[in-house]
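Novice: The primary structure of each chain is shown beneath.
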Amino acid sequence: MTKKKSRKIIAVVLAILAAAAIVLGAMNLPQRTGDKGNAIIDALRIRTLLNATGDGVVESYVAIAKKEATAKVKAEGGGMSAIREAVKKAEEETRAQYSNSTTDYSKLDTTALAAAVTDYAALLESYDAIALKAENAYIEENMAAAQAAAKAEREKKIAAGEEVGEETEVSVDMSGFVATAEMTAAKEKADAQYAAVGEALKGIYPVLDDSALATLKDTIEKIVYTRGDDFTVKYDRYMAAGSGEALDDKMSGFMVRYADDLIYAGVGLIVAALVFLFSELLIAKLGIPRVIIGVFFILLCFMCLLYDLSLPTLLSNTLVRMGMNSIMVLAMVPGIQCGISLNLGLPIGLVCGLIGGLMTIELNIPGALGFMFAIIVGGALAAGAGWLYAQLLNRLKGEEMGVTTYVGFSIVSLMCIAWLVLPFRSLKLRWPLGTGLRNTIGLDSSNFAHILDDFWAFKIGSFEVPTGLLLFMLACCGLVWLFSRSKTGVAMQAVGNNPRFAEATGIDVDKMRIIGTVLSTVLGAVGILVYSQSYGFMQLYTAPRQMGFIAASAILIGGASTSRCKISHVLVGTFLFQGVLTLGMPVANVLVPGSTISETLRILISNGIILYALTKSGGGSRG
Amino acid sequence: MAKKNMGEILRNNAVTIMFILLCLGGLAVSGQTVPYVVYELFGRLSRNAFLVLALIIPIVAGMGINFAVTIGAMAAQISALWVVEWGISGVGGFVTAALMTVPLAAFFGFLIGKLLNKMKGQEMIGGMILGYFANGLYQLLFLFIFGNLIPLKAPGLVIMGSTGVANTIDLSTGRGFKYALDGMWKLPFGQALYVVCGAVAVVAIIALLLKKMTAKQTGVYVGVAAVLCLLYQIPAVAAIFAMVNVPMVTFMIVGLLCLFNVGIMKTRLGQQFRAVGQNRTVANAAGINVDKVRVIAIMISTVLAGWGQLIFVQNMGSFQTYGAHEQVGLYAGAAILVGGASIKRATNKQALLGCILFHLLFIVAPSAGKNLFGDAAIGEYFRVFVSYGVIAMALVMHAWGSVKKKKKA
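First to last, the sequence lines map onto chains U and L.
Under this note's numbering, the very last position in the first sequence is 623; numbers go up by exactly one each time.
Under this note's numbering, the very last position in the second sequence is 1032; numbers go up by exactly one each time.
I should point out that these hints are in silico values taken from the structure, not numbers from a laboratory.
Predicted model, so just to flag it, every value in this text is computed and none were measured.
Mixed in with the good hints, there may be bad ones.
Some residues of chain L that are not near chain U, with every Cβ distance over 12 Å (derived) [said to hold, decoys possible]:
id : residue
1  : Y662
2  : V818
3  : T837
4  : A862
5  : I863
6  : Y1011
Pairwise CB distance ranges (calculated) [what the hints assert, rightly or not]:
id : chain 1 : residue 1 : chain 2 : residue 2 : range
7  : U       : R227      : L       : G997      : 50 to 60 Å
8  : L       : D793      : U       : K285      : 50 to 60 Å
9  : L       : G878      : U       : V590      : 50 to 60 Å
10 : U       : N498      : L       : K967      : 25 to 35 Å
11 : U       : F424      : L       : Q894      : 40 to 50 Å
12 : U       : A457      : L       : P726      : 55 to 65 Å
13 : U       : N439      : L       : L760      : 41 to 51 Å
Just so it is clear, CB atoms sit at the ideal spot from N, CA and C, and this is done for glycine as well.
Starting from the given sequences, assemble the full structure and let the hints guide the process.
Specialist: Structure representation (structure tokens):
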């Protein structure tokens, strides 16, 4: 009772904090483009400008001092070394004198400068808009030629048997770009305005001469306007330059800058309050691991927002990775349903799929046809291998898990030998020197790289939807679902739930287990092909060894147990698992730069969830 | 009768016999000289035998092969890291590391045991996945805690510009304990043989005088010792062992572990291990605290594995911080199965024989692969395949047997 009460109180406190954060954020966010935001930016901009120009002023003084010193020594009739000495001394003295003197900015009259700079910024912006348009037009015009050149280059390399990586985005060489008349006109206008800015600056620092202004031009231009400016970028730029002093009210500047983060934090707090309030219900409904991983995923989403990482891009990557892994996870379903529990021998199916893919490249079958061919060949091989595998499993009822793991491992290492000796000829597959197939085989547009990903793909902002991949995933899930509703499917599930009862009702237990195992293995073969086409590489040798574990942990995260599962477990589990991994990497890189913590995370989550499932599946307290 | 026995022996030891043939074949094809192979074998035996012997107790206690020995190895590596950090070198360093391993490994073993009690019947796969999981925690510890949150001062442990502990920890510097054990007392093979045979003869005679042995038994021991010494006088035999230098202390410790494994089975605890291993329900009914006994078995095994890993790294002179422990469980498990052990029964003899055969294959496989197929990588993959394959086969055979038994019942 008291526990419940305290939980409610904490939830309410969290909710109040959340409301406060959201209200503050919502009040400050519109200010970015409003008067307040403009005032903040103006103040910061002028200060940064004055700081930078101040450095220029020091340089001017130094130049003057140097000239004077030289003249003086020359007048006295000293030699070169004496001149050098004197110049050095003068420079040091002048620098010491001016660098340490702090300007009292409040006494400077900056109204004229502010007006000039505001106009200058506007002119630079309009010039940049024109330039951007012209550049884009140029790129569009020359793209086709550049692509053709890149493709020819690549084919030449392959023919010579050189290592070729993944196809990179083709970029157009901009060296041939010539400014348009419109651009020059806009540039001239901006330059004229710079002269006005220079006049205003001269009013403040009388020592500045035209040559000093000319050297300062680039610096000032960058301070005033950089491509892609908005409030936050400008604010960060000026703050990094150390101009924070210029703000009278630092707090309000901070509030406006971090208004969006305040809103995110508020929403996050609301979620936290809800989770807290309903934690008991959630844990009862979903189980502890899924709640932990779900909350972790949401936390990662908010951290991405706080660190200004592009959440839509990351979520879109998550979607792709979900699609590419989903079929392998789906392969767990028939296995669990027919009673062989988690099919950790999935690598058997995977290597069959890989052989299918290799044959496609060897025979040079392009595009969708090649992908179909790979699936058919891989599936057929997997069906055969799965049948044999099922024969083995039927003799080991009740002991499948441990055996399947090691059988899978043995097959993978046996295939390592096979990859070395199989008689493939294509140079895309073989090492040009030495024996055996390459470790990773890069797919390209002449094979089936991204064939599903790019099918009907479209973009909403930076959120890319791999339509073909998702459709394929849903189609496969639908087929498995339909199958589980069919007469055979129902019988198969009966065998998985209670083999003795199933036998008593006249179901052929062994046959059902064979069907489930074969189906699982075939889905594994299809799964690795879907994975490879999306990844852009086929990985041979030891790469498939851990994939069975990854698939198994995904379906377990989705809420399946070693004896019960649904299609929804596949989708939820794959999304959560891949989401945590995809979002975890950039967030971890912000926290600990250059670390492999995301890989560690994968190891912990994937094995932790399997351990959890194992503890649930067996073991009484004694005996 | 005798004929039937022969057939049965063949069938029961199929894996061992197959392995002997494989090793002989590999030896013939590899083109390596026998003295070199024997020399390599002794080196490998001295550093691996202890780890393999550490697996026996959990097998007797019915928990199968303890693949969680990797976690004991991790405990040993944590200790080794700190001993290097403190700069305790030589024997002192080794003893410090061994002492430090005890509480660490015992604590880990306690946790492993608790977890494995929740997945009875799935201990082997559970132990293996637990090893993977612990590897994640280990990476967390070595990449982000040691060297970052807890600073390390010893040179070479942390590399500038990268996070965490360096990839290799070198024990051959003035701070390490390379050859701490091996280097203490090394004898050429002949002298070592005389010492061992002499010791055996003396012990046998003392046992006779104390009336613990019959005259016949003593005679056999002394006779075998004498014959071995005589055999060594043949130059051809002596030539085989010409390159071998025996690290006496290491082998003595291995011998002590063998005695420990035999001795503990004669105690009350040992009887409980056996009872639990045979049938948990019956053991429980007999008033044995099954869960507790299983936890103790795993704790002992984990501590022993930690010591085994220390022996391994002092012989190697350095270790891969993030990889040295990964394959420990796999290779030790495969070795004991090759020697004829099952996942229910294992003895010292099987462990040692398995260790010899398994490592013999390791020595000859790469060059045999190279001579047969023109590629050393094939031999490498082949031995990995054999490691997994042997375990898979042992599991299949055991599962097969128990399913058949269930059907009969």
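Novice: Hint by hint, say whether it matches the structure.
Specialist: Now the hints, each set against the structure:
no.: 1; hint: Y662; result: holds (28 Å)
no.: 2; hint: V818; result: holds (42 Å)
no.: 3; hint: T837; result: holds (42 Å)
no.: 4; hint: A862; result: holds (35 Å)
no.: 5; hint: I863; result: holds (32 Å)
no.: 6; hint: Y1011; result: violated (4 Å)
no.: 7; hint: R227(U) to G997(L): 50 to 60 Å; result: holds (58 Å)
no.: 8; hint: D793(L) to K285(U): 50 to 60 Å; result: holds (53 Å)
no.: 9; hint: G878(L) to V590(U): 50 to 60 Å; result: holds (55 Å)
no.: 10; hint: N498(U) to K967(L): 25 to 35 Å; result: holds (29 Å)
no.: 11; hint: F424(U) to Q894(L): 40 to 50 Å; result: violated (59 Å)
no.: 12; hint: A457(U) to P726(L): 55 to 65 Å; result: holds (57 Å)
no.: 13; hint: N439(U) to L760(L): 41 to 51 Å; result: violated (29 Å)
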